[in-house]
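Asks: The listed protein sequences derive, respectively, from chains A and B.
Each residue of the first sequence is one higher than the one before, counting from 0 in numbering that gives the first Met the number 0.
Each residue of the second sequence is one higher than the one before, counting from 0 in numbering that gives the first Met the number 0.
No lab work stands behind these hints: they were computed from the structure.
Just to be clear, a hint being listed does not mean it is correct.
Because identical chains share one entry, a pair is satisfied inside a single copy or across any pair of copies.
When the alpha-carbon atoms are kept at most 27 Å apart in a straight line, the in silico BS3-like pairs for lysine-lysine are as follows [what the hints assert, rightly or not]: (1) K302 with K279; (2) K56 with K439; (3) K421 with K56; (4) K18 with K444; (5) K208 with K290; (6) K444 with K252; (7) K325 with K25.
2 protein chains.
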Amino acid sequence: MSIERAITRISETIGDRLKTSNAIRKEHAKSEAHYPEHLPDAVAFVNSTEEVSTILKICTTENCPVVAWGTGTGLEGHALALNGGISLNMMNMDQILKVNSEDMDVVVQPGVKREQLNDYLRASGLFFSVDPGANASLGGMAATRASGTTSVRYGTMKENVLALQFVTADGRIIRSGSRARKSSSGYDLTKLIVGSEGTLGIITELTLKLHGRPEAMSAALCAFPTIDAAVQTVIATIQAGVPIARMEFVDSKTINILNGYSKESMDCLPHLFMEFHGSKASVIEQAELVKDLASEYQASGFKWSHREEERNRIWRMRHNVLYAYKAYYSNCTLIATDVCVPISKLAQIVHETQHDIENSSIAGPIIGHVGDGNFHSTLMIRNESEQDLEIANELSHRMNERALRLGGTVSGEHGVGIGKIKYMEEEHGEGWDIMSSIKKALDPKCILNPGKLLRQN
Amino acid sequence: MSIERAITRISETIGDRLKTSNAIRKEHAKSEAHYPEHLPDAVAFVNSTEEVSTILKICTTENCPVVAWGTGTGLEGHALALNGGISLNMMNMDQILKVNSEDMDVVVQPGVKREQLNDYLRASGLFFSVDPGANASLGGMAATRASGTTSVRYGTMKENVLALQFVTADGRIIRSGSRARKSSSGYDLTKLIVGSEGTLGIITELTLKLHGRPEAMSAALCAFPTIDAAVQTVIATIQAGVPIARMEFVDSKTINILNGYSKESMDCLPHLFMEFHGSKASVIEQAELVKDLASEYQASGFKWSHREEERNRIWRMRHNVLYAYKAYYSNCTLIATDVCVPISKLAQIVHETQHDIENSSIAGPIIGHVGDGNFHSTLMIRNESEQDLEIANELSHRMNERALRLGGTVSGEHGVGIGKIKYMEEEHGEGWDIMSSIKKALDPKCILNPGKLLRQN
């Protein structure tokens with residue numbers, strides 16, 4: 000293996016867009032999580048699919064690791080160059096290539112960011128629905144199978160990527176899927192690449208589903224005496240076929256913190272934050288129906304509004320949760336968790352997790368995409384304390400074990416990266432070996448994002 | 000390779016549930032399509048996942064082909080034992096293992112049929128949405144990535160299979176996915192197996208999404224002066240965010256045939272048949288909105304009703320299309336086609352196809368799942384005429400070429416099987432080689448359903 004020779008050959012191809020300065024390498028060595036830095040040997044700022052293909056051919060010949068880089072907002076260290084090599088910065092490939100309004104799809108390059116796309120679409124009456132919070136690149140969101148608050152209605156990246164262009168380890172440029180809405184023609188390579196975290200190929204173009212902006216939206220929130228009551232309301236709502244657009248759980252601790260941060264006076268009880276999309280009549284009907292359902296579970300203070308300022312107030316609060324945490328726990332490093340279980344097990348796992356956290360010496364407020372059974376407890380490490388980190392790791396470990404015991408998954412939306420590898424065998428059994436077989440078939444030298452997702456030999 | 004030795008060893012395992020009589024082999028040698036018969040050497044009626052595992056281990060050792068058999072209703076010859084070997088009859092594995100009402104999912108064995116499942120669910124308020132017409136087995140529907148009239152709203156098998164148990168060629172029993180509604184934990188093996196047509200593994204258990212029975216349903220139909228007007232109405236409806244449950248196109252020729260068969264007097268024009276699901280208020284609102292949209296495209300005779308008998312009348316007509324064809328073209332063999340394109344190209348491809356068929360000497364009325372861009376022209380072969388068959392094959396070929404030229408796929412829902420292999424290279428390019436690499440990694444001896452979907456060396 001000669002990373003050095005790879006660097007020479009790549010710089011012959013893309014000239015000074017291959018950077019080896021310490022400053023730039025350091026920018027591509029960090030993640031938003033608490034993982035240690037890993038410097039790539041060089042950073043390649045690519046401009047085209049053909050360049051990606053050329054670079055991957057070189058890297059396969061030279062046995063040089065390659066890991067794609069987007070906005071660096073991943074939470075499991077996906078984009079860290081664990082074994083050095085090339086960090087492939089995709090952010091120059093930021094063109095929105097074609098909006099097909101009649102078909103409600105769009106073709107984009109992987110460096111296009113989520114907000115950039117929705118700004119571009121604003122006048123079209125269409126929008127791209129997946130919203131993981133961060134203003135991530137769409138290539139990165141596909142690679143990690145991202146989702147967020149709206150996936151209960153509009154789906155995750157899995158449901159919203161129609162087609163891909165990607166480059167294999169040996170430099171072949173592959174097109175998978177098409178703009179047709181469905182197909183039974185062959186293996187679904189698109190769905191295999193979505194969520195493969197850069198280990199099977201580098202995504203160089205995406206065709207994404209768009210949705211029509213609803214005629215009307217309304218937002219609601221209400222409090223519940225218990226977590227169980229909130230979850231039962233969610234189950235009843237989904238069973239009643241209400242096409243709810245957002246359904247977010249916020250625990251009493253977070254409500255308390257938000258009251259301070261956002262100058263609110265909500266009761267310190269578990270809350271649901273909700274959004275309804277549809278026609279004017281339908282959003283009223285949906286809100287009234289959910290209000291009735293919630294009242295059966297002793298909900299209090301049910302408020303809903305289709306006034307834009309009120310809607311914005313509610314969602315601003317929800318989106319500010321992370322900032323509110325950071326302000327409240329100002330001396331803390333935050334560690335995210337990400338389990339997801341069948342909805343019927345959600346109250347139980349949130350209960351047990353809260354209890355476990357309360358019995359520890361650290362804080363861990365909880366919010367959740369409760370319509371999907373996915374929740375995040377954010378664990379607070381004071382002053383980079385080693386002891387707190389150890390406690391957090393243990394709490395997180397027990398949470399993951401609990402999710403698997405209840406028939407769930409260790410990652411609802413953040414991905415595997417480095418952080419969740421240790422649970423893959425338990426979650427997938429011999430299925431994990433099947434993943435390795437596929438990896439070996441498509442990237443026999445293991446140059447693509449080594450050290451992530453798969454068993455490390 | 001010793002098929003004979005495999006048969007001896009399998010019969011030692013499952014006793015007289017391994018059948019080698021000509022009568023039973025012949026029952027497993029036919030398809031619903033026009034493909035010639037292929038007799039398996041033996042038929043194994045399996046009772047359990049463990050038996051499937053044992054049989055596959057034997058078949059891998061003995062290099063003996065294995066192909067799963069369900070209801071035999073596939074339309075592309077998927078289940079034909081092209082190279083002989085074992086036909087694995089899955090229909091004894093017909094247990095509905097567990098309904099999880101709160102989570103709206105169900106765990107079934109692969110031999111459970113679609114109607115059996117919905118009968119079983121009747122009292123629960125839940126239903127399984129995928130409806131390909133035939134009363135197929137759920138294992139077969141997953142293997143071929145089936146869909147049908149309701150997929151515009153509820154999705155295809157791809158969206159409705161949450162988790163699988165499957166057995167690999169070497170007999171490993173794999174669980175993929177979970178009952179959690181979403182996951183970012185590793186490669187999506189479930190979506191890889193769905194649509195792999197028995198070439199990567201044998202499905203032995205499925206966890207399926209269920210949907211809540213809507214409070215109200217209404218059905219509608221109306222006529223349009225042109226195909227284009229009908230398609231523009233579809234596009235406008237979807238863009239307006241109407242969550243339409245069914246949206247079926249029926250051409251004027253089919254309307255004429257249905258008038259005779261069902262004693263109706265519809266205008267001989269292109270029609271849309273539609274269904275709306277939701278609350279009582281919402282199905283009225285949806286129908287009125289679509290009526291307004293349709294009127295902008297010169298629709299005539301828009302009728303909608305939420306009365307059950309009227310709904311049933313409309314859908315009975317639509318479901319009777321095949322019988323009506325068979326009665327009208329009583330001396331004919333029917334050949335199905337199955338292209339799917341982006342919706343914006345649908346009017347063009349239906350036009351060109353109709354024109355092509357009119358210029359030929361055979362008949363080919365058209366119906367379509369128009370909300371998905373998928374349509375079927377049924378080509379009529381008179382008295383098993385070789386000449387008609389040749390003309391049909393040429394028409395079908397031009398239709399497939401047209402679909403690919405317009406950015407679509409040669410199969411919207413029937414699958415590849417034998418019939419569509421010749422288009423795989425053109426549709427997928429080097430992506431087809433990637434499929435072969437995956438196949439080789441998981442089934443190196445190619446014992447699983449040889450001769451289908453993949454490049455034949």
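Asks: Now, for every hint given, state plainly whether the structure supports it.
Replies: Hint check:
In this homomeric assembly, K302 and K279 come within 27 Å of each other (Cα to Cα) both inside a single copy, at 17 Å, and across copies, at 24 Å. Within a single copy, K56 and K439 get their C-alpha atoms as close as 17 Å, and across copies as close as 23 Å, so both meet the 27 Å cut-off. In this assembly of identical chains, K421 and K56 lie within 27 Å of each other by CA distance neither inside one copy nor across copies; the values are 31 Å within and 30 Å between. Proximity of K18 and K444 under a CA criterion of 27 Å is satisfied intra-copy only: 24 Å inside one chain copy versus 46 Å between copies.
With identical chains, the CA atoms of K208 and K290 are at most 27 Å apart between copies only, with a shortest distance of 26 Å across copies and 31 Å within one. Proximity of K444 and K252 under a CA criterion of 27 Å is satisfied in neither setting, with 48 Å inside one chain copy and 58 Å between copies. Proximity of K325 and K25 under a CA criterion of 27 Å is satisfied intra-copy only: 25 Å inside one chain copy versus 71 Å between copies.
In this structure, the hints that do not hold are numbers 3, 6, in rising order.
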